[in-house]
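Novice: Residue numbers (this note's numbering), protein chains in the order written: chain A, 1 to 366; chain B, 1 to 117.
Derived from the structure by calculation, the hints contain no laboratory data. Hints may be right or wrong, so weigh each one.
Said to hold, decoys possible - If we take Cβ atoms under 7 Å as the criterion, some of the chain A residues that face chain B in the derived model are: (1) R137; (2) R269; (3) D271; (4) R278; (5) I279.
Ideal Cβ placement from N, Cα and C applies to all residues, glycine included.
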Amino acid sequence: MAVVEEVGNKIGLKYIDCDVHPMINNLQQLYPYIPENWKRRFEFQNIDITSLKLPSRYVHPAGGTSRPDAKPEKGIPGSDPAFAKKQYLDPFKPHKVILNPLQPSAMVSWTNVEAIVTLTSAFNDYYLEEWTEFDQRFTLAMTVAPHDPLQAAAEIRRIGDHPGVSAVFLPLLNTLMGNPYYYPIYEAAIEKDLPIITHVTGQEGSFVGVPALSGGIPRSYTERYVNLIQIAQSNLSSIVFEGLFEKFPSLRVAFVEYGFSWVLPLMWRMDKTWKELRIDTPWVKEFPSEIIKKNIRFTTQPLDEPENLSHLKHMIEMMDGKEFLMFSSDYPHWDNDMPTRVLNNLDKETKQKIFYDNAADFYRLS
Amino acid sequence: MKEYIGNTEQFAENECRKIRIGKKKLLVWRTKEGFYATREECPHQGVSFECTKLTGTMMPSNPNEFEYGMDGLVLRCPWHKWEFDVRTGEPLFGTETKTIKTFPVSVEDNKVFVEVT
Chain A
1 MAVVEEVGNK IGLKYIDCDV HPMINNLQQL YPYIPENWKR RFEFQNIDIT SLKLPSRYVH
61 PAGGTSRPDA KPEKGIPGSD PAFAKKQYLD PFKPHKVILN PLQPSAMVSW TNVEAIVTLT
121 SAFNDYYLEE WTEFDQRFTL AMTVAPHDPL QAAAEIRRIG DHPGVSAVFL PLLNTLMGNP
181 YYYPIYEAAI EKDLPIITHV TGQEGSFVGV PALSGGIPRS YTERYVNLIQ IAQSNLSSIV
241 FEGLFEKFPS LRVAFVEYGF SWVLPLMWRM DKTWKELRID TPWVKEFPSE IIKKNIRFTT
301 QPLDEPENLS HLKHMIEMMD GKEFLMFSSD YPHWDNDMPT RVLNNLDKET KQKIFYDNAA
361 DFYRLS
Chain B
1 MKEYIGNTEQ FAENECRKIR IGKKKLLVWR TKEGFYATRE ECPHQGVSFE CTKLTGTMMP
61 SNPNEFEYGM DGLVLRCPWH KWEFDVRTGE PLFGTETKTI KTFPVSVEDN KVFVEVT
């Protein structure tokens with residue numbers, strides 16, 4: 001694996017950022033990548049950028065989810081690769097950043113599968129051309145439409161070999177990731193040696209068909225924000241106990257923007273329960289925690305910040321986190337964790353793995 | 001030291017008899033393969049296995065397939081359902097590191113003996 005090297009950045013460490021969000025300002029930006037008939041259809045519908053994300057129950061209490069200082073001269077935060085380069089890439093000098101587009105992922109709340117597939121492909125082509133070709137440090141988690149796994153698999157096969165693609169972004173429906181429903185997507189990702197990442201879409205708990213939140217309907221944005229980990233917990237349990245890695249041993253999966261402090265107690269509980277009730281899922285052949293450490297990765301943001309930060313460090317040690325955590329910033333969003341300001345109390349080896357080695361291996365980015 | 005603990009017909013298949021030898025509390029089990037003796041209590045939270053019967057288990061399998069096996073050779077704790085191979089006292093399939101202590105059993109002319117060390 002790579003060793004720590006001086007790269008002249010403020011961190012003193014070669015690093016990969018696993019979560020940066022590009023945006024578009026208007027649908028017309030996608031038109032060069034949309035077939036003519038669909039372009040007319042969208043014009044008739046008069047859909048625009050606000051149509052991509054249906055109005056959620058949960059409105060950010062401070063007016064928006066992006067950093068106001070990340071707004072370029074023209075357009076919304078995240079919409080200008082040149083501005084992102086100037087504000088983030090050039091001063092911080094990441095080795096690579098993974099682009100996780102949220103606008104196409106928010107279409108999990110839509111129902112017209114063909115429209116979703118058409119727009120998702122257009123987004124992928126747009127970001128490959130306008131971002132990854134603009135600066136090779138940008139690399140794309142190509143989005144697939146989960147509404148039709150066969151068409152999603154076809155999309156992976158269409159562009160999965162593109163040098164700007166490093167992962168498959170699977171937005172989730174209210175179907176858990178261990179379910180065979182998603183198998184065609186996993187098969188195509190394995191065929192292209194791409195990992196599957198899943199990320200919060202912003203639609204959770206707001207619509208029929210998207211992941212529901214446990215126990216009831218939260219009242220505030222804040223309640224839902226802290227409860228989003230429930231979705232990752234359910235999906236992690238599903239992946240492990242459905243035996244997904246028995247079926248697909250070479251599959252790689254990451255949970256992005258779900259944090260990680262919940263993983264340790266869940267691993268404890270999964271291990272204990274497997275020990276007791278192995279006969280319920282006899283295809284699970286080793287401790288769930290071992291399966292997780294081998295096959296699944298978690299990104300760091302939004303980082304929990306206990307008053308005594310050494311507690312977080314101890315937790316990372318307790319969960320063997322240096323083996324499966326990956327740094328992410330969430331630039332340009334309001335709750336981003338900047339690489340110079342977080343996880344500074346980790347030892348050199350742990351930091352090296354979390355900031356670079358684990359992601360370089362997971363995304364095949366050396 | 002070898003101790004006589006009864007005749008074979010006093011033991012029912014898949015069941016145990018509780019044996020006391022000095023301060024040692026043992027259970028002697030009759031299986032279709034022969035006789036085995038274990039410590040009475042589960043190494044987890046100390047429940048007695050006396051009330052349970054030997055069973056089989058679901059063998060490691062492919063996803064969503066069930067393969068029943070080890071019929072009559074599995075000691076499953078009545079509380080937390082930990083499983084052990086009654087022949088060796090070893091936990092099944094790497095689920096645990098704690099084992100159940102076992103004792104050698106022999107049969108001579110329908111007489112059952114256990115060796116307590």
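Novice: Now tell me if each hint is right for this structure.
Specialist: Hint-by-hint comparison with the structure:
{"no.": "1", "hint": "R137", "in the structure": "violated (39 Å)"}
{"no.": "2", "hint": "R269", "in the structure": "violated (13 Å)"}
{"no.": "3", "hint": "D271", "in the structure": "violated (9 Å)"}
{"no.": "4", "hint": "R278", "in the structure": "holds (6 Å)"}
{"no.": "5", "hint": "I279", "in the structure": "holds (4 Å)"}
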